[in-house]
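There are 4 protein chains.
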Amino acid sequence: MGNSIGKLFTITSFGESHGRCVGVTIDGCPAGLPLTEEDIQREVDKRRPGATVAATTRVEEDKVEILSGTFNGHTTGAPICLLIWNKDIDSSEYEKMRFLPRPGHADYTAFIKYGRFNDFRGGGRFSGRITATFVMAGAVAKKLLNLISIEIIAHTIEIGGVTATAKEPDEIRGSVESNPLKCADPEAAKEMDRVIEKAREENDSVGGIIEGLALNVPVGLGEPVFDTLEGDLAKALFAIPAVKGIEFGSGFSATRKRGSENNDPFTIQNGQIVTVTNNAGGILGGISNGMPIVVRVAVKPTPSIARSQETVDMQKMQSASLEVKGRHDTCIVPRAVPVVESMMAVTLCDFAMRAGLVPEVIK
Amino acid sequence: MGNSIGKLFTITSFGESHGRCVGVTIDGCPAGLPLTEEDIQREVDKRRPGATVAATTRVEEDKVEILSGTFNGHTTGAPICLLIWNKDIDSSEYEKMRFLPRPGHADYTAFIKYGRFNDFRGGGRFSGRITATFVMAGAVAKKLLNLISIEIIAHTIEIGGVTATAKEPDEIRGSVESNPLKCADPEAAKEMDRVIEKAREENDSVGGIIEGLALNVPVGLGEPVFDTLEGDLAKALFAIPAVKGIEFGSGFSATRKRGSENNDPFTIQNGQIVTVTNNAGGILGGISNGMPIVVRVAVKPTPSIARSQETVDMQKMQSASLEVKGRHDTCIVPRAVPVVESMMAVTLCDFAMRAGLVPEVIK
Amino acid sequence: MGNSIGKLFTITSFGESHGRCVGVTIDGCPAGLPLTEEDIQREVDKRRPGATVAATTRVEEDKVEILSGTFNGHTTGAPICLLIWNKDIDSSEYEKMRFLPRPGHADYTAFIKYGRFNDFRGGGRFSGRITATFVMAGAVAKKLLNLISIEIIAHTIEIGGVTATAKEPDEIRGSVESNPLKCADPEAAKEMDRVIEKAREENDSVGGIIEGLALNVPVGLGEPVFDTLEGDLAKALFAIPAVKGIEFGSGFSATRKRGSENNDPFTIQNGQIVTVTNNAGGILGGISNGMPIVVRVAVKPTPSIARSQETVDMQKMQSASLEVKGRHDTCIVPRAVPVVESMMAVTLCDFAMRAGLVPEVIK
Amino acid sequence: MGNSIGKLFTITSFGESHGRCVGVTIDGCPAGLPLTEEDIQREVDKRRPGATVAATTRVEEDKVEILSGTFNGHTTGAPICLLIWNKDIDSSEYEKMRFLPRPGHADYTAFIKYGRFNDFRGGGRFSGRITATFVMAGAVAKKLLNLISIEIIAHTIEIGGVTATAKEPDEIRGSVESNPLKCADPEAAKEMDRVIEKAREENDSVGGIIEGLALNVPVGLGEPVFDTLEGDLAKALFAIPAVKGIEFGSGFSATRKRGSENNDPFTIQNGQIVTVTNNAGGILGGISNGMPIVVRVAVKPTPSIARSQETVDMQKMQSASLEVKGRHDTCIVPRAVPVVESMMAVTLCDFAMRAGLVPEVIK
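Those protein sequence lines, which keep their order, are chains A, R, Z and X.
For the first sequence, numbering that gives the first Met the number 0 begins at 0 and goes up steadily by one.
For the second sequence, numbering that gives the first Met the number 0 begins at 0 and goes up steadily by one.
For the third sequence, numbering that gives the first Met the number 0 begins at 0 and goes up steadily by one.
For the fourth sequence, numbering that gives the first Met the number 0 begins at 0 and goes up steadily by one.
Check the hints yourself; a few may be wrong.
Note: identical chains are not told apart, hence a pair may lie in one copy or across any two.
Claimed, not checked - Below, computed lysine to aspartate or glutamate pairings styled on EDC-like, alpha-carbon distance capped at 20 Å:
1) LYS324 with ASP89
2) LYS324 with GLU94
3) LYS324 with GLU201
4) LYS6 with GLU359
5) LYS256 with GLU196
6) LYS142 with GLU359
7) LYS256 with GLU309
8) LYS256 with ASP192
9) LYS86 with GLU64
10) LYS256 with ASP203
11) LYS95 with ASP312
12) LYS189 with GLU176
13) LYS324 with GLU196
14) LYS324 with GLU260
15) LYS166 with GLU186
16) LYS256 with GLU190
17) LYS6 with GLU170
18) LYS256 with GLU200
19) LYS95 with GLU322
20) LYS324 with GLU200
21) LYS6 with ASP87
22) LYS256 with GLU201
I should point out that these hints are in silico values taken from the structure, not numbers from a laboratory.
All chains should be modelled from the sequences, with the hints used to inform the complete structure.
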C-alpha cells in the first residue's frame with residue numbers, strides 16, 4: 000500500500016532490488032505521445048553510475064522494455080508498463096546480515112512492519128534501485144511537459160560541504176552533464192570529487208544538496224489548500240531514499256529575513272507580470288506564479304559504509320557489530336539528480352493535467 | 000479541487016476568511032470517541048492571538064459548533080462537520096486593493112487561476128484563518144492518537160534569527176504554553192519578543208522555525224515507496240500558509256555530515272531496539288522507527304507589512320505601490336504552532352489507521 | 000469512511016436525519032458558475048413530498064443555505080458547502096425501537112458496525128433524508144452539465160407492477176412534473192396511484208422502477224477498464240437507499256436476445272455516426288457513444304410499513320414484533336426520481352471534467 | 000486513466016489483447032500470504048475456453064508469471080506484479096476492419112476517445128482477454144478472503160433464455176465445474192448447450208445471467224453512504240465487458256413485491272441474528288448483514304457474430320457492412336463466471352481490509 004502517486008497522471012512502482020525486475024505502470028498518459036524504449040533508456044542511463052569514485056561498481060545494464068500502452072511508436076491512452084529486468088545480482092552478503100539492521104537503512108523498520116517476509120535482499124523495495132522506476136515514469140512525464148514547454152533541470156549544488164556557485168538556468172543546462180557529479184560549477188565539482196575520494200578512503204560517505212528547477216511553468220498550477228505545489232512536490236521528492244529535507248525559494252533562510260526583504264515585488268516585464276526577486280521559488284499560495292520553480296533537496300550521506308558500525312542482532316536481541324560489504328556509492332547525490340528531475344516531472348505533469356493543460360489526445 | 004487530505008481519516012476544508020464561516024468535515028473517525036465542542040474549542044483557542052505584539056488585534060471569537068457526526072457526546076462513525084461562523088469582518092480594505100496583488104501573498108496566483116470570481120476578501124481561501132479548519136480536525140485526530148498513546152508537541156525554536164536552546168520533551172511540554180511565543184526557552188522567548196517588537200516598529204515582519212515532535216509512535220507507520228511518513232507529513236505541513244521548508248531529524252545539516260556521524264547506531268534499551276542518536280528524526284525508509292519523530296518547519300516572515308511595497312495594477316497593467324492596512328501579525332510563527340501540531344496529528348492518525356492501530360469502534 | 004464520491008467533482012455528504020442538519024461539500028466546481036440558493040432550492044423542492052398518498056406527511060421545509068464557495072452570486076473555485084437545517088423532528092418512536100431492528104432497514108447492520116454509538120434516530124445516516132444532500136450536489140452538477148448542453152431526465156416507469164408506456168424524451172420532459180408520481184404516462188400514473196392507495200390501506204408498501212436519461216452526451220465519457228460509465232453510474236445510484244438493481248439499455252432483457260438482435264447497427268445521420276437502435280443504452284466499452292444514456296433503477300418497496308413484523312430484540316436476544324410508526328412513504332419511487340437525476344448528474348459531471356470538457360474558469 | 004480499483008487492496012490492470020502481455024499490479028496485499036504461480040494459474044485456467052461449442056478456439060496458453068512482491072513463496076507486503084505473455088496472435092483481420100466499428104463493441108467509442116492511436120488489434124484494452132488480469136488479481140484476493148473464511152462462488156443461472164433450477168450453495172460448489180457451462184443444474188446445462196449450438200449454427204450468439212454468491216461474510220462490510228457494498232460490487236462487475244445489468248437479492252423482482260413480502264424478518268438461529276428470507280441479498284443499508292451476498296449479473300450476447308452487420312466506414316463516412324471473422328465465443332457467459340468471482344473477491348477483500356479484518360502481516 001502506498002506505491003501509487005498522482006491523481007490524473009498516476010504511476011505505480013513495483014519490483015525489488017534483487018527480485019526479477021523493477022517496473023512502473025503509468026495510468027493517465029494521453030494518447031498520441033510518440034514514445035519509444037530509447038526515449039526512456041536515455042533518461043535511465045543518466046542514473047547509471049558515472050566514471051567517478053562516487054558511484055557503485057555494480058554493472059547495471061538497465062535495459063528498458065515497454066510492455067504495454069504503445070502502438071506504432073505512440074501512446075494509446077492505455078496504461079503504460081515499463082520494465083527493467085534485474086541482472087548481476089549477488090544476495091549472499093544480505094543473507095548474512097539478515098538480522099543485523101544496517102544503521103541509517105530501512106532494514107529494521109521493514110523487518111518490524113513486514114515481519115520475516117520482508118525481501119531484505121539488496122534493500123528490497125527500499126533500495127536506491129527502485130528509483131529507476133521513478134526515472135522511467137519521469138521520462139514519460141518530461142515528454143508530456145515538453146509539449147507545453149515546461150522544462151525541468153536538476154543539478155548538484157553541494158556535496159560534503161562544498162558548495163557550487165549559483166548559475167543561471169542556461170549555464171546549468173549546458174554544464175550539468177559535463178561532469179559525473181552533475182554540478183554546473185566545474186571548479187566546485189573538482190573539489191567535491193576530492194571530498195568524496197577522501198571519504199571513500201576513510202570508508203565513509205558524504206551527502207549533499209540537489210537543486211531542482213522547473214522553467215516556463217505557467218501561472219496557476221497547484222490545487223490548494225491541501226494539494227499545493229510545494230506539498231505535492233515535497234511528497235514526491237521524499238519518496239527518494241536518503242532525502243531528509245526540502246525547501247522552496249529562500250526556504251529555511253527566509254526565516255531569518257524580514258518580510259520587506261523576503262517579499263518579491265511585482266513588476267511588469269515584456270507585458271507580463273513577474274516578480275523582481277524569486278524568494279518564493281515560483282510558488283505563492285501553493286500555486287505557480289510563473290517564475291522558475293526552485294526546490295532544494297537535502298540528501299543525507301549514504302548510510303552504507305564499509306567501516307564497522309554498532310547494531311543489534313534482531314533474532315538474538317543482543318548487541319552486534321556490522322560492516323556493510325558490497326558495492327555502494329560513497330556519495331549518492333549525483334545519481335539522485337535525474338531522480339529529482341523525474342519526481343518533479345511526474346508531479347508537475349499531474350498538476351498540468353489537473354489544470355486542463357494537457358489534451359486527452361495529442362494531435 | 001484539492002481540499003481533502005487523508006486516505007482513511009479524510010478531512011475536507013471549506014469556508015473563506017470573510018465568507019459566512021470556516022469549516023471542515025472529517026470522514027473516517029471511528030464510532031465511540033467521546034467528543035464535545037469544548038474538546039475542539041480548547042485546541043482552536045490555542046490559535047487565538049495571544050497577549051503579545053506578535054499577533055493581530057482582530058477579535059476572533061471562533062466559537063466551534065459540531066454540526067454532525069456525534070450523538071450523546073460520542074462520535075457515531077458518520078462524517079463529522081465542524082464549523083466556526085465568521086464575525087468581526089471588514090472587507091473594505093481588500094476591496095480597494097482588489098487589483099493590487101500583495102507581494103508574498105496568493106492574490107496574484109489566485110486571480111490568474113480563478114479569474115475575477117476569486118473571493119479575495121481577507122485572502123479568501125488563502126488566509127491564515129483557514130488553518131482554524133486544520134486545528135478543528137487536528138483536535139479530533141489528537142483525541143484518537145491519545146487512545147494509542149501517541150503525543151504530538153510543537154514549539155517555536157527560532158524567530159527572527161533568535162534560536163531557542165534545545166530541550167527535552169518533558170520540558171517542552173511543560174513550558175510551551177508559558178509564553179505567547181510558544182517557545183520552551185523563556186530566555187530566548189524574551190529576546191524573540193524584542194525582535195518582533197522591533198520589526199513591528201519598523202513596519203516589518205519576521206519569520207521563524209517550528210519544531211514538531213511526535214512521541215511514542217510505534218514502529219511501522221508509513222507506507223512507502225510514495226506514501227512515506229516524511230512525504231505525507233511534508234505535504235500536510237506545506238498546506239500551512241507561509242511554510243517554505245521542511246526537514247526531518249538532522250535534515251539539511253545531514254548534508255554536511257559523514258555517514259559514520261549521521262547513521263544512528265542501534266542498541267537495546269529496556270529490552271527494546273532503539274537508536275543511540277536520532278539523526279533520522281524517527282523515520283527510516285519512510286517508516287517510523289520508534290524514536291521521536293522530529294520535523295522542523297520553516298515559516299517565512301509575514302508577507303503583510305505596513306510599509307509601502309512595489310506591485311502592479313492587474314487591471315491597468317501598470318506599476319503601483321501598496322501599503323497593506325488592516326490587522327496583521329508581525330510574526331505568524333506562534334500562532335502556527337498549534338496548526339503544525341494539528342497537521343501532524345491528522346497525518347499520523349491516517350497512518351495509524353492504515354496500520355490497523357485504530358479500531359472501527361472505540362469501546 | 001465512504002462519504003465522498005467523484006474524482007474531480009468530489010462531493011462529501013454529512014448530517015443525520017434527526018441531527019442538526021444535512022449537508023454536502025462540493026470540491027472541484029470551477030469558478031464562475033452563477034449559483035444562488037434558489038438554484039439549489041428548486042431541485043431540493045422536487046424531492047418534497049407531493050400531494051399524493053405516496054408520500055410522508057412530515058413537513059420538511061428544507062431551506063437550502065450556501066455556507067461557502069460563492070461570491071457575488073458566482074462560484075469561486077473554492078469548495079461549496081450546502082446545508083439544510085433539520086426541523087420538525089420527533090425521535091421518540093425511534094428511541095422505543097432502538098434495539099428492535101426494522102426488517103429491510105439498516106438498523107441491524109449499523110448497530111453491529113458502529114455499536115451503541117450509531118445515531119439510530121430517524122435512521123440516522125441511512126435515512127432517505129440524506130438524499131437531500133445528493134440533490135443539493137446534483138443541482139450544481141446539473142448547472143455545469145447545462146453549460147455543455149447535457150440534460151438529465153428521470154421519470155417513474157413502473158410502480159407496484161403498473162408499467163408506463165414508453166415515451167420520447169420530449170414527452171417525458173414535458174409531462175414528468177405533471178403528476179406527483181413523476182410518471183410521463185398520465186393513464187399509468189392514475190393506476191399507480193390506485194395501487195399505492197390500496198397498499199397504504201393495507202398498511203403495506205410498493206416499489207417500482209425509475210428510468211434515467213442523459214441526453215446530448217458527447218462520445219467519449221468514461222474511463223475504462225474500471226472507471227466505466229456504467230460502473231460509476233451504478234455505484235452512484237446504489238447510494239440511494241432502497242435501490243437493489245441497475246441496468247443499462249436492454250439490460251437484463253439483453254440476456255434473452257440474440258447478438259444479431261441486441262447489437263446496435265451503426266449508420267450515418269445528419270453527418271454524424273449514430274446507432275439505429277439503442278440497446279447499449281448509450282454506452283459501449285464503458286464509454287458514451289453519443290446516443291441517449293438509458294439506465295433503469297429498481298427501487299424496492301418501502302421497508303417501513305405499519306403492519307406488525309417479526310424481528311428480534313438485539314439486547315435481550317429474543318424474538319420480538321414491531322410496528323413501524325411515524326410518517327412514511329407508501330411508495331418512495333416518486334421522491335427518488337430527482338435523486339436519480341442528481342446522482343446521474345454528479346457522475347456525468349465528474350466524467351465530463353475528466354474528459355476536459357469543463358474549463359477551470361467559466362467565462 | 001481509470002485502470003485502478005480498490006482503496007486498500009488496489010489493483011491496476013495493464014496490457015492489450017494483441018500487445019506483448021496482459022498484467023496487473025496489486026498494491027496492499029499483506030505480507031506473509033503463501034503465493035505461488037500455481038495458485039494464480041489455477042484460477043486463470045478456469046477462464047480457459049472449455050470443451051464446449053460456447054468457446055473460442057484461440058489457444059491461450061496463459062502462463063502466469065509473478066514478477067514482483069513475493070519472496071520464498073510468500074508475499075512480502077510489496078506490490079505484486081502478475082503477467083501473462085501474449086502468444087498465438089493474428090491481428091490481420093483487425094487491420095482490415097480498422098475503420099469499420101463492430102456493432103456492440105467499443106471500436107467506435109475508443110476511436111473517438113483515443114483517436115487513430117487506439118490499439119484496435121483484437122479489441123485492445125476492450126477485449127475479454129483483459130479479464131485475465133482481473134482473474135489474476137482475484138486469485139490473490141480469494142486467498143486472502145479464505146483466511147477469514149469468506150468464500151465466493153459464481154455460476155451460470157441462465158443462457159439464451161434457459162434457466163437453471165435454484166440450488167443450495169453446497170450443490171453449486173460441487174457441480175459448477177462439472178460442465179463447461181459452469182451451471183449447477185446439469186439438465187439445464189444440456190439445454191443451454193443446445194441453445195448455444197443452434198445460435199452458433201446460425202452465425203449468431205446468446206447471452207445469459209451469472210449469479211455470484213459470497214458466503215460467510217461477517218456483518219459490517221460496506222462503507223456508506225457512497226462506498227456501499229452494492230455500489231462497489233456493481234462498479235467492479237461492470238468492468239467486465241458485456242455486463243449490462245446488476246441486481247442484488249430479489250433485485251428487479253422486488254419492484255413488484257409488497258414491502259411485507261420483500262422485507263426479511265429477523266430471527267435468532269443458533270444464538271445468531273439472521274433473516275428468515277434473503278430478499279436483501281445479504282446487504283442492508285449498503286452493509287453486509289451476515290446472510291449470503293447474492294448478486295446477479297446480466298451478460299449481453301457476444302457482439303462478435305459471423306453474420307453480416309451494418310456499420311459505417313469511419314474514414315470515408317459512408318455506410319458499410321461487416322462480417323466479424325476470427326475466433327469468438329458464441330456465448331461468453333461460462334468464461335465470465337470466474338471473472339465475476341474475481342471481481343467480487345477483489346471488492347470484498349478491499350472492504351474486509353477497510354473493516355480491519357485482514358492483518359498487516361499474516362502470521
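Status of each hint after checking the structure:
1. LYS324 with ASP89: within (12 Å within a copy, 51 Å between copies)
2. LYS324 with GLU94: within (12 Å within a copy, 55 Å between copies)
3. LYS324 with GLU201: within (14 Å within a copy, 59 Å between copies)
4. LYS6 with GLU359: Answer is both: 15 Å inside a copy and 16 Å across each meet the 20 Å cutoff.
5. LYS256 with GLU196: between (37 Å within a copy, 15 Å between copies)
6. LYS142 with GLU359: within (15 Å within a copy, 24 Å between copies)
7. LYS256 with GLU309: between (41 Å within a copy, 18 Å between copies)
8. LYS256 with ASP192: between (33 Å within a copy, 16 Å between copies)
9. LYS86 with GLU64: both (14 Å within a copy, 18 Å between copies)
10. LYS256 with ASP203: between (36 Å within a copy, 10 Å between copies)
11. LYS95 with ASP312: within (11 Å within a copy, 61 Å between copies)
12. LYS189 with GLU176: within (14 Å within a copy, 50 Å between copies)
13. LYS324 with GLU196: For LYS324 and GLU196, only the intra-copy Cα distance (18 Å) is at most 20 Å; the inter-copy one is 56 Å.
14. LYS324 with GLU260: Between copies only: 18 Å across, 49 Å inside.
15. LYS166 with GLU186: within (13 Å within a copy, 41 Å between copies)
16. LYS256 with GLU190: between (30 Å within a copy, 16 Å between copies)
17. LYS6 with GLU170: neither (34 Å within a copy, 41 Å between copies)
18. LYS256 with GLU200: between (40 Å within a copy, 16 Å between copies)
19. LYS95 with GLU322: Within one copy only: 11 Å inside, 64 Å across.
20. LYS324 with GLU200: within (15 Å within a copy, 60 Å between copies)
21. LYS6 with ASP87: Neither way: LYS6 and ASP87 sit 35 Å apart in one copy and 36 Å across, limit 20 Å.
22. LYS256 with GLU201: Close across copies (14 Å), not inside one copy (39 Å); limit 20 Å.
When held up to the earlier numbered hints, the structure conflicts with 17 and 21 and fits the remainder.
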